[in-house]
Amino acid sequence: MRAGHFSLKLPGLSASTIIMTRLPRILVWSNVLSINRAAQFRRVLPGGKQRIGKMINLKINGETHELDVDPTTPLLWVIREQAGLTGTKFGCGIAQCGACTVHLDGSPVRSCVVPAQAAVGKDIMTIEGIKPGHGLHAVQQAWIDEQVPQCGYCQSGQIMSAVALLAANPSPSDQDIDAAMSGIVCRCGTYPRIRRGIKRAAAAMSNASNNGEKVNG
Amino acid sequence: MGKWTRRAFISAGVLAGGVVVFGIAIRPGDRSDKVAGLIANDEETVFNVWVKIAPDNRVTAIIPHADMGQGVHTTLAMMLADEMDADWDLIEFMEAPAHKEFANYALAKGYAAGDVDFPSWLVDTVDGFFLTATKAMNLQITGGSTSVPTTGQVGMRVAGAATKAVLLQAAANAWDVPASELKAQKSIIVHEASSKRAPFAEFARAAAELSQPAKPSLKTPDEYTIMGTDVQRFDVPPKVDGSAKFGIDAQLPGMKYATVKASPVFGTLVKSIDNSSIQDMAGVRKVINLGDAVAVVADGYWQAKKALDRLDVEFEQNGNESVEQSDIFSQFATDMDRVVANGDEITDFSQGDTNLALTSADAVVEAEYRVPYLAHAPMEPMNCTAWIHDDVCELWTGTQNPLGFAAEVADTLEMDISKVQLHNGYLGGGFGRRAFADYTIQAARIAAEVPYPVKLIWSREEDMRHDHYRQASISRFKAALDSSGKPTAWVNQYVEKYDPEEAPHIPYSIDNQFIHYAESKTHVPWGFWRSVDHSLHAFFTESFIDEIAFRAGKDPYQYRHDLLENAPRFRDVLDLAAEKSNWGEPLPENWGRGIAVHKSFGTVVSQVVEVEIVDGQVFPRRAICAVDAGFAMHPDGIKAQMESGIIYGLTAALYSDISIRRGAVAQSNFHDYQMLRMDKSPEIETYIINSGARVGGAGEPGTPAIAPALVNAIFNATGKRIRELPVRLHDLTREDLGSKDVA
Ligand code: FES
Ligand code: FES
Numbered sequence: 001m002r003a004g005h006f007s008l009k010l011p012g013l014s015a016s017t018i019i020m021t022r023l024p025r026i027l028v029w030s031n032v033l034s035i036n037r038a039a040q041f042r043r044v045l046p047g048g049k050q051r052i053g054k055m056i057n058l059k060i061n062g063e064t065h066e067l068d069v070d071p072t073t074p075l076l077w078v079i080r081e082q083a084g085l086t087g088t089k090f091g092c093g094i095a096q097c098g099a100c101t102v103h104l105d106g107s108p109v110r111s112c113v114v115p116a117q118a119a120v121g122k123d124i125m126t127i128e129g130i131k132p133g134h135g136l137h138a139v140q141q142a143w144i145d146e147q148v149p150q151c152g153y154c155q156s157g158q159i160m161s162a163v164a165l166l167a168a169n170p171s172p173s174d175q176d177i178d179a180a181m182s183g184i185v186c187r188c189g190t191y192p193r194i195r196r197g198i199k200r201a202a203a204a205m206s207n208a209s210n211n212g213e214k215v216n217g
Numbered sequence: 001m002g003k004w005t006r007r008a009f010i011s012a013g014v015l016a017g018g019v020v021v022f023g024i025a026i027r028p029g030d031r032s033d034k035v036a037g038l039i040a041n042d043e044e045t046v047f048n049v050w051v052k053i054a055p056d057n058r059v060t061a062i063i064p065h066a067d068m069g070q071g072v073h074t075t076l077a078m079m080l081a082d083e084m085d086a087d088w089d090l091i092e093f094m095e096a097p098a099h100k101e102f103a104n105y106a107l108a109k110g111y112a113a114g115d116v117d118f119p120s121w122l123v124d125t126v127d128g129f130f131l132t133a134t135k136a137m138n139l140q141i142t143g144g145s146t147s148v149p150t151t152g153q154v155g156m157r158v159a160g161a162a163t164k165a166v167l168l169q170a171a172a173n174a175w176d177v178p179a180s181e182l183k184a185q186k187s188i189i190v191h192e193a194s195s196k197r198a199p200f201a202e203f204a205r206a207a208a209e210l211s212q213p214a215k216p217s218l219k220t221p222d223e224y225t226i227m228g229t230d231v232q233r234f235d236v237p238p239k240v241d242g243s244a245k246f247g248i249d250a251q252l253p254g255m256k257y258a259t260v261k262a263s264p265v266f267g268t269l270v271k272s273i274d275n276s277s278i279q280d281m282a283g284v285r286k287v288i289n290l291g292d293a294v295a296v297v298a299d300g301y302w303q304a305k306k307a308l309d310r311l312d313v314e315f316e317q318n319g320n321e322s323v324e325q326s327d328i329f330s331q332f333a334t335d336m337d338r339v340v341a342n343g344d345e346i347t348d349f350s351q352g353d354t355n356l357a358l359t360s361a362d363a364v365v366e367a368e369y370r371v372p373y374l375a376h377a378p379m380e381p382m383n384c385t386a387w388i389h390d391d392v393c394e395l396w397t398g399t400q401n402p403l404g405f406a407a408e409v410a411d412t413l414e415m416d417i418s419k420v421q422l423h424n425g426y427l428g429g430g431f432g433r434r435a436f437a438d439y440t441i442q443a444a445r446i447a448a449e450v451p452y453p454v455k456l457i458w459s460r461e462e463d464m465r466h467d468h469y470r471q472a473s474i475s476r477f478k479a480a481l482d483s484s485g486k487p488t489a490w491v492n493q494y495v496e497k498y499d500p501e502e503a504p505h506i507p508y509s510i511d512n513q514f515i516h517y518a519e520s521k522t523h524v525p526w527g528f529w530r531s532v533d534h535s536l537h538a539f540f541t542e543s544f545i546d547e548i549a550f551r552a553g554k555d556p557y558q559y560r561h562d563l564l565e566n567a568p569r570f571r572d573v574l575d576l577a578a579e580k581s582n583w584g585e586p587l588p589e590n591w592g593r594g595i596a597v598h599k600s601f602g603t604v605v606s607q608v609v610e611v612e613i614v615d616g617q618v619f620p621r622r623a624i625c626a627v628d629a630g631f632a633m634h635p636d637g638i639k640a641q642m643e644s645g646i647i648y649g650l651t652a653a654l655y656s657d658i659s660i661r662r663g664a665v666a667q668s669n670f671h672d673y674q675m676l677r678m679d680k681s682p683e684i685e686t687y688i689i690n691s692g693a694r695v696g697g698a699g700e701p702g703t704p705a706i707a708p709a710l711v712n713a714i715f716n717a718t719g720k721r722i723r724e725l726p727v728r729l730h731d732l733t734r735e736d737l738g739s740k741d742v743a
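Chains as they are written, first to last, in this note's numbering: chain A, 1 to 217; chain B, 1 to 743.
Hints may be right or wrong, so weigh each one.
[Stated by the list, open to error] Quick partial rundown of chain B residues pointing at chain A, CB under 8 angstroms, derived from the structure: (1) D241; (2) A244; (3) E314; (4) A640.
[Unchecked claim] Simulated DEER-style distance windows between Cβ atoms: (5) A/G133 to B/P451: 40 to 48 angstroms; (6) B/S691 to A/K59: 37 to 45 angstroms; (7) A/D145 to B/E724: 50 to 58 angstroms; (8) A/S173 to B/S276: 54 to 62 angstroms; (9) B/S418 to A/A118: 36 to 44 angstroms.
Keep in mind that the hints were calculated from the coordinates and are not lab data. Glycine included, each C-beta is placed from N, C-alpha and C at the ideal position.
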C-alpha cells in the first residue's frame with residue numbers, strides 16, 4: 001500500500017476501498033478504476049439478443065476512441081460512460097446549466113445536447129485534457145489561488161468556459177465575462193471568485209507572454 | 001526505535017488496554033481490532049477515533065463529516081493540528097468510514113445539549129451517554145452547521161490537545177525530564193534545556209499506551225498558529241482538473257445504469273406498466289416496478305432515460321390529484337384563522353401583554369407575508385451506485401448522513417448493517433437534500449433485482465419533482481407603536497413550524513410579544529433546506545421591522561440599532577455592515593439599499609444589499625456582509641460560505657418557487673426553476689468580527705438575512721413593498737410605481 005493512503009477493509013468484502021489522502025489530496029475509489037468496458041457496453045435486448053451498434057471514432061483530448069454507440073446518444077454520456085472520463089458533469093440534460101461543457105474544435109458546447117455523431121472528425125477537449133504536459137493551465141492555477149470551487153460539481157464547466165473565453169479574448173471586460181459565463185450555473189454561488197479567477201488568469205497569461213515565457217493557456 | 005505492525009500494535013495491548021476516546025476506553029476484544037483495522041495502515045499509531053500518526057511523522061485527521069463545498073475537512077484538520085502543534089505541511093485527512101464506531105457523538109451532544117454548559121464537556125458519563133445514544137441513532141451527519149461548533153470545538157481540538165499531552169509525557173518519560181519543560185513545535189518535541197529534539201512519530205507508540213487526559217488544556221486565541229489563518233483547502237486541487245470523484249462518478253466493472261420515475265403526485269403507487277413500447281429498444285435490460293416508482297435498467301443512462309420516457313406507466317390515484325398551490329395557501333389561511341377563533345394558538349414565545357399594548361397604541365401596523373415551497377436543486381442530481389454481491393450491499397454515493405443511509409438500506413433489504421458498506425464521495429451540493437436516503441434506498445432495491453452493479457441517476461426533472469421541500473408558509477404581523485414610533489407590541493402568527501425552534505424569535509427590545517403558530521399539514525414532503533426555518537422567518541421578521549421603521553418615519557438601520565440595546569452582538573454586526581456599506585450616502589436614481597440582521601446556528605449576520613432596477617428587472621449590484629461566528633477558524637472559508645449563502649438566498653428570493661399543480665410539482669428543470677447567474681451576481685464584501693462568543697456555524701447563516709435585505713432595498717428603490725416571494729412575481733416596471741405602495 002502506498003504511504004499516505006488508507007484502505008478500508010471489512011471482513012467478507014473484496015477490496016472495497018475508499019481512500020482520502022492529502023498528497024495528492026484526492027479521493028480515489030481505487031477498486032473501481034479499471035473498467036471492463038467491453039463487457040459493460042455490449043448491447044443486449046431484453047430478450048438477451050446481442051445487437052451490433054454503430055462504431056464511431058471520437059478524438060478526445062488527442063486520443064482516438066473507437067466506440068460502439070447509438071450515434072444519437074449525447075456526447076456527454078459517451079464521454080462519461082464509454083470513454084470513462086467523468087470530469088465532465090451532468091446537471092440538467094437540456095442545455096440549461098453548462099455543467100457538461102466541453103470544447104469541440106476549441107469552441108465551448110453543451111455536450112448533453114450534442115449527438116455523438118456530430119463530434120465525429122472534431123477535436124473534443126474535456127477538463128482532463130486542458131492541463132498542459134507540465135503544471136496547470138493558468139485558469140486552473142487562478143482557480144486554486146482564488147480558492148474558487150466549493151462543492152466543485154460545476155467547476156469543470158466553468159473552467160472549460162473560462163479557458164475558451166480567454167483563448168478568444170485575452171483581456172475580457174466584466175460584460176464579456178457575464179456574456180461568456182452566464183450559461184454556467186453554480187449553485188454554490190462561486191461567481192464572484194470565478195470573475196476574480198478569470199481576471200487573475202488573464203493577467204498571468206499576459207504577463208507570461210510579455211516576458212516571452214511559455215504560457216499554459 | 002523498531003517498527004511495529006498493526007498486529008503487534010494491537011497485541012501489545014494498546015487498543016485493547018485502553019486507547020482512550022475522550023475518556024471512553026474502546027472495549028477490548030474484536031471490536032478494538034476492528035476499529036484499528038478500519039482506520040490504520042500497518043505501522044500507524046491510532047490515538048483515538050480522530051487522529052493517527054505515521055512513522056514518517058505525518059499526522060492524519062479523521063474527519064467524521066462529508067465535504068459538500070464548505071471545506072470542513074480542512075477546517076477540522078486545522079483545529080486538530082493547531083492544538084497538537086503539528087506541522088501543517090505534514091497534516092493529512094481522511095473521511096471517517098461510515099461505520100458505527102465513528103458515529104459523531106459530538107453532534108448528538110450539540111443537538112441534545114444545546115447551549116447548556118456541562119461542568120466539563122468531557123465528563124466521562126456525559127460522553128459515554130451520548131456516544132451510546134448517537135450510535136443508536138446512527139448519526140454521522142453533516143448538517144445544522146454543527147461541524148465546527150461541535151465536532152471541531154469539542155472533538156478535534158480536544159483530540160489534538162490530548163494527543164499532544166501524551167506525546168510530551170512519553171518523551172518526558174524517555175528523557176527523564178518533567179513534561180512541563182517540553183513543548184511541541186511543528187510536529188517536533190523539543191526540550192530546550194538539553195537541546196533534545198524528536199519527531200512526534202518517535203514517541204507515538206509509547207504515547208498511545210498512556211492514558212489521554214480527559215480535560216487537556218486548550219489554547220487561547222492568542223496562542224493559535226493555524227486556526228484563524230487562510231490555509232488552502234484540501235479539496236480544491238482535485239476540483240480544478242476533473243479528478244474529484246463525486247457519487248455520480250463511481251465506475252465498476254460490468255456496471256449498468258438505471259433511472260426512475262416516481263408518481264408525479266406524491267405518495268401514489270404504480271398501477272400498471274406496459275413494456276410493449278420499449279420491447280425493441282437497444283441496450284434496455286430490465287423494467288422494475290418499485291411500487292411507488294418504476295425503474296429502467298440499461299447499458300447507459302441515455303438508453304434508460306429514453307426507454308423510461310417512452311414507457312407506458314399508469315399511477316393510482318390517492319385523492320391529491322386536484323390540489324393546487326392556491327388551495328394550499330387557502331388551507332393555511334383557514335387554519336390560521338381557525339386557531340385564533342378557537343383560542344388554539346400554539347405559543348412559540350410570549351412575554352408581557354400584547355392586547356393591552358395594542359389597545360393603548362398610537363399606531364398599529366399590520367402585514368402578511370408569504371413564501372413558496374423551495375427545492376434544493378444541488379448541481380449534482382440524486383444518484384447512487386449499488387452492488388449486492390457475496391451477501392454484502394456496497395453503495396457509492398454522496399450523502400450528508402452515511403451511517404443513517406446505510407442503516408436505512410439495511411432495514412429495507414433486511415440485512416445486518418455490518419453487511420452494508422457505504423462509500424461516500426464528494427457531494428455535488430447538499431444544502432440539506434442529501435440528508436434524505438430515498439435515492440440510495442431506490443438504488444439498493446434496484447440492485448437487489450440484478451446480478452451486476454447498477455448506477456441509478458435521477459434526471460433533473462425527477463430531482464426537481466421528488467425533492468423534500470422547504471415549506472411554504474404565511475406569516476402575519478401586528479405591531480403597536482407609541483407616540484415616538486417605538487414598538488410596544490409584536491404579534492406574529494405563522495404556519496408550519498419545523499426547526500430550529502428559535503428561528504421566528506427577534507433580538508429587538510420589545511416589551512410585549514406574542515409569537516404563535518398553527519399546524520397545517522399538506523401532502524408535500526418536507527426537508528431541511530439551507531438554514532431551515534431561518535430561511536423564511538428572517539424574511540418575515542426583518543421585512544416587518546423595516547415596515548415598522550418606515551411607518552415610524554425612522555431610518556431602518558438606526559431604528560434597528562436603537563432596538564438592539566440589549567443585544568450587543570447583533571448591534572455590533574449591524575453597525576459594521578452599515579458602516580462598510582456607507583449607509584446613508586446617496587445612491588443613483590433607481591438604486592436602493594436595504595439592511596437586515598439575523599442570528600442562526602450561533603452566528604450573527606448582517607447584510608446590506610444595493611439593487612438597481614432596470615426596466616423592472618432587479619439587479620443586486622453589491623452585497624455587504626458582516627459576520628460574527630465567535631471566532632473565524634478559517635476566515636476565507638467563512639467568506640466563501642457567506643458568498644455562497646448570499647447567492648443561494650438571492651436565487652430563492654428573486655426567482656424560486658415550487659408550486660403544486662394537480663397535486664404535483666409544476667417545475668421541472670432550470671428553465672422554470674431559475675438560478676441566479678453570473679450577470680446578476682453582486683459584488684460581495686464580507687467583514688468578520690471575532691467577538692469571542694461561542695463558536696457558531698458558517699454553512700447556513702449567510703442565507704437568512706439576504707432575502708429581507710433585498711426586498712428592503714427594492715422598497716428603498718421603488719417604494720414597492722414585496723410581501724410575497726419570489727420577487728419575479730411582481731411587476732416593478734416604472735409605470736407601476738406611480739403610487740408608492742407603502743406599509
Ligand atoms: S447538463 Fe448540459 S447544460 Fe446542463
Ligand atoms: S461549486 Fe458547487 S455548483 Fe459550483
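So, going through the hints one by one against the coordinates:
1. D241: Because about 6 angstroms separates B/D241 from the closest Cβ in chain A, which is inside the 8 angstroms limit, the hint holds.
2. A244: Interface hint status for B/A244: holds (5 angstroms vs cutoff 8 angstroms).
3. E314: It is violated, given that the least Cβ distance between B/E314 and chain A is near 20 angstroms, above 8 angstroms.
4. A640: holds, 6 angstroms
5. A/G133 to B/P451: 40 to 48 angstroms: holds, 43 angstroms
6. B/S691 to A/K59: 37 to 45 angstroms: violated, 58 angstroms
7. A/D145 to B/E724: 50 to 58 angstroms: violated, 42 angstroms
8. A/S173 to B/S276: 54 to 62 angstroms: Once the Cβ atoms are compared, 57 angstroms apart, the range 54 to 62 angstroms for B/S276 and A/S173 holds.
9. B/S418 to A/A118: 36 to 44 angstroms: 49 angstroms Cβ-Cβ, so the 36 to 44 angstroms window is violated.
In this structure, the earlier hints numbered 3, 6, 7 and 9 are contradicted, and the remaining ones agree with it.
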